[in-house]
Amino acid sequence: MTSDTQTMAQAGPYEAVIGMEVHAELLTESKMFCACSAEFGGEPNTRCCPVCLGLPGSLPVANRKAVEFVVKAASALNCRINRATFFHRKNYFYPDLPKAYQVTQYGDTPIGIHGWIQIETPEGGVKRIGIRRVHLEEDTGKLMHVSPLTSEVDYNRSGVPLMEIVTEHDPRAGFDQINTAAEAREYLVQLRAILTCLGVCDGKMEEGSLRCEPNISVRPAGSATYGTRTELKNLNSFRAVFRGIEYEVRRQIETITSGGKVVHETRRWDDENGVTATMRGKELEQEYRYFPEPDLLPFTFEESYIEAVRGGLPELPSQKKLRFCERGLSDADAATLTQDMALAGFFEQAAEIHGDWGKVATWVLGDFLRLLNQSGADVAGAGVTPESLAAMIRLVEDGTISGKIAKSVFEEMFKTGKSAREIVEASGQTQISDEGELLDVVRRVISENERIAADFRGGKEKSLGFLVGQVMKHTGGRANPGLVNTLLRRELQQAD
Amino acid sequence: MSFDLDSISTAWQASEALCSGKVSSEAHTRALLERLRALEPRLNAFLAILDDEALAAAARYDENRSAFASPLAGVPGAIKDNMCLIGAPNTCGSKILAGWKPPYNATVVNAILDAGGVILGKTNLDEFAMGSSTENSAFKVTSNPWDFSRVPGGSSGGSAAAVAAGAAFWALGSDTGGSIRQPAAFCGLVGLKPTYGRVSRYGLVAYASSLDQIGPLTRDVRDAALVMNLLAAHDPLDSTSWPEPAPDYTKSLVNDVSGMTIGVPKEFFGQGVEEDVASAVWAAIRLLEQKGARVKEISMPNVEYALPVYYIIAPAEASSNLARYDGVRYGHRTEMQCDHVAMFEQTRAEGFGAEVKQRIMIGTYALSAGYYDAYYLKAQQVRTLLRRDFDAAFETCDLLITPTAPTTAFRIGERSSDPFQMKLSDVCTIPVNLAGIPGMSVPCGFSNGLPVGMQLLGPAFGEETLFRAAYTFEQSTDYHLARPDLRPCGESH
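So the protein sequences, as listed, match chains A and B.
Numbering of the first sequence is given in this note's numbering, commencing with residue 1 and proceeding in unit increments.
Numbering of the second sequence is given in this note's numbering, commencing with residue 497 and proceeding in unit increments.
Please note that a few of the clues may not be correct.
What the hints assert, rightly or not - The following label-pair restraints were derived from C-beta to C-beta distances:
#1 B/Y868 <-> A/R250: 39 to 49 Å
#2 A/M144 <-> B/P732: 45 to 55 Å
#3 B/Y868 <-> A/V146: 32 to 42 Å
#4 B/S913 <-> A/E287: 53 to 63 Å
Said to hold, decoys possible - Looking from chain B toward chain A, a few residues come up when the C-beta cut is under 10 Å (computed):
#5 L707
#6 H730
#7 A850
To be clear, the hints were calculated from the coordinates, so they are not data collected in a lab.
Using N, Cα and C, we set each Cβ at its ideal position, and we do this for glycine too.
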């Protein structure tokens, strides 16, 4: 490379490299090393015992279910499962860490290594994002600052099983990297879909059961080395992940182009003001004094165990998506439907009952999703069932209700849990498909709009729409639109 | 009901007296409480005396004798103050745990209480079991009943002194590098460190997790078997606990060693071993030879590295195990008003003693990035070599015999200023913890009126062989019957 091209490369556009470190709280009933409930919440310090409080003399016993969950997740993330694995102690002092060490997995032998997730980029490309490691550890308690001089600690969360999933940063592993905020969000969407599909994590970012701490650095496009990275914290939603990374990438590029230097540090995302700010410096690497946890024996997985876990995996979101596409759904629709297993299940059941996958997808992705978002309800909590949605679509098809009325009927179904037929019969909203009844209205509309009728006859096809609208207005929207169309055309031509 | 306490000195004799109806557990308990109260000003063996709890346990036994099948039911003993017992303070001999009462029982404590055992009190120890003389306790210095100017050994010195002085029929100790066996040798008792994993560590405050093991200190081999029968069991609360059920150790009390091969590793008789000690141990070996055992001198070349390996691994684990004493949740917290980092530092500066601080510093250093491979990792590798030395020895030997300690009990203060000499007193016991195998100290003679102990070593889970050999030796000797003269100075015969 000549010095000229080098200069050009540096003056050229920058590219960001984003590493994702995700912590997922596992949906086990009990904690990682004791029998206490792992459920979120509870009065402070009511879900604790000598083990998760780290009382002198207490000892950990590993939760088999948590281990199985991680083997499951690592398998679904295309990881190699280490046949022999063990725990380490990560030593540091902090009031929310009762033993002053966290039991975690360090080094080359976490449960899962060398996996990947496939994502679609906004530009329509496909990237295979490498996963460096999937490991099991325990969560800390929660520190609450109640006054400038006083802090309180709640150890209910202490010892809850956590799975950590870290993306691959070593290019030699042969995977693609995450380069934009949109890709980072897409990676997280896919990861969340897989974890919730497996039932190992509920994926609630707002409650902290899925936490994402991206590492961000920028470099001249095409450079082989990484720039100085910052770590982002406090990203509590997909939106925050996207905005936070986007802001941080821009900030770093601006810092460099204006002659400054990016500092190696942890930065906190301020969602309200849309900025990141320094949390703590990282000039000194923390000294964690990792060593193998002597209170827990190493464990080895039999081949048959790994095979059994693999064999028991459910259909994964990517497989489901392919199958939906085979039934005629667009890539985008199939992708949206398979991000949430409850939604995908609801859709598939309704589609099976009704038979027309495309029509059902339109309702699920349109009105159903909108109402879910507005109400904050989850799929199971909505008043609509796959059966009632299928029945409603049939009422539209057989002309009992119009598509327009169906929208309001569906909304009422969603809120009350009533069937479409009940709602329609109670409100008299059935569609008018009686030719004699409609013909009177059609004739009246033509006579009241002579000029527009003339326009149509003169070849202005658009004018028909206006006339249809008038008929709808006169019938309170209940007229069968197909029939109105036919009758209007016939009447207009006859009068010719 | 009155009786002559002096006629009963072992746990099994106490049990026989109970079963014959000659004496109640309450009478035993009151007599021992009285004796230990009288001795305590000179002995300093106890950090807590639990009169009410002990008498209540004795009454429970007396009221319903048939409910308790264990020979130790109703028989009073003591536990080292690093084992959790609900309602009693648990200091570990440290100011940093002052005032802390555990809300749960150690698994061994439950085993004792469920069997109808009576716990008289909690015994003194070197702070967090770090030491070889019990002089490192933050609260008191325990004396050796054989000579009150001498140490009882350590770290289970309080337990050893209490049993040797007849203030308890049995006691529990913990052994990380010799802390049961060395005080047993210094006080003329039988002390057993079981195979790592044979006895649950749940509720034992950790010093070095991969080395710690609870075991009995008793007056004779039969008592040790009776206590072990209560202690040895699988515990689902301790992941390092051995899953197989334990045998009945009293079945190994057989007076016969014919056909047994005894290995004598020459490295254990090297530098620093007093001549009296070596000759007492050799005499014991010859006695077993006469009883039908074959004796074989062997070599274990890696034993010489045991001390340095131990002083990397044990402090490394300790530096992590003792990090939780930060003043946030229990125990001592500094009065100083400061932020949380300064609170941690000040609390620990005030709460820990010098020996503990030194080991935390060494361990922290050994685990630090950049030093880990050279120290901790290397030490683990040498530990494996040492283990292989023992594996090789047990391919041709049924058991090994060595001195328990190179010397007899030394004077209080004699080695406090010489940490190397202090640590050398564990040179024969430390390799055993590193290998995870069982080791038993058995009284085998006297040197200038002070007890000498020999150490019997077996392969992992080979406790039965140790019991058999020790019992055979005991049947032909009377060292275990000797009692210290506890009369205060001036009250001579």
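Quiz item: For this structure, which hints from the list above don't hold up?
Solution: 2, 4, 6 and 7
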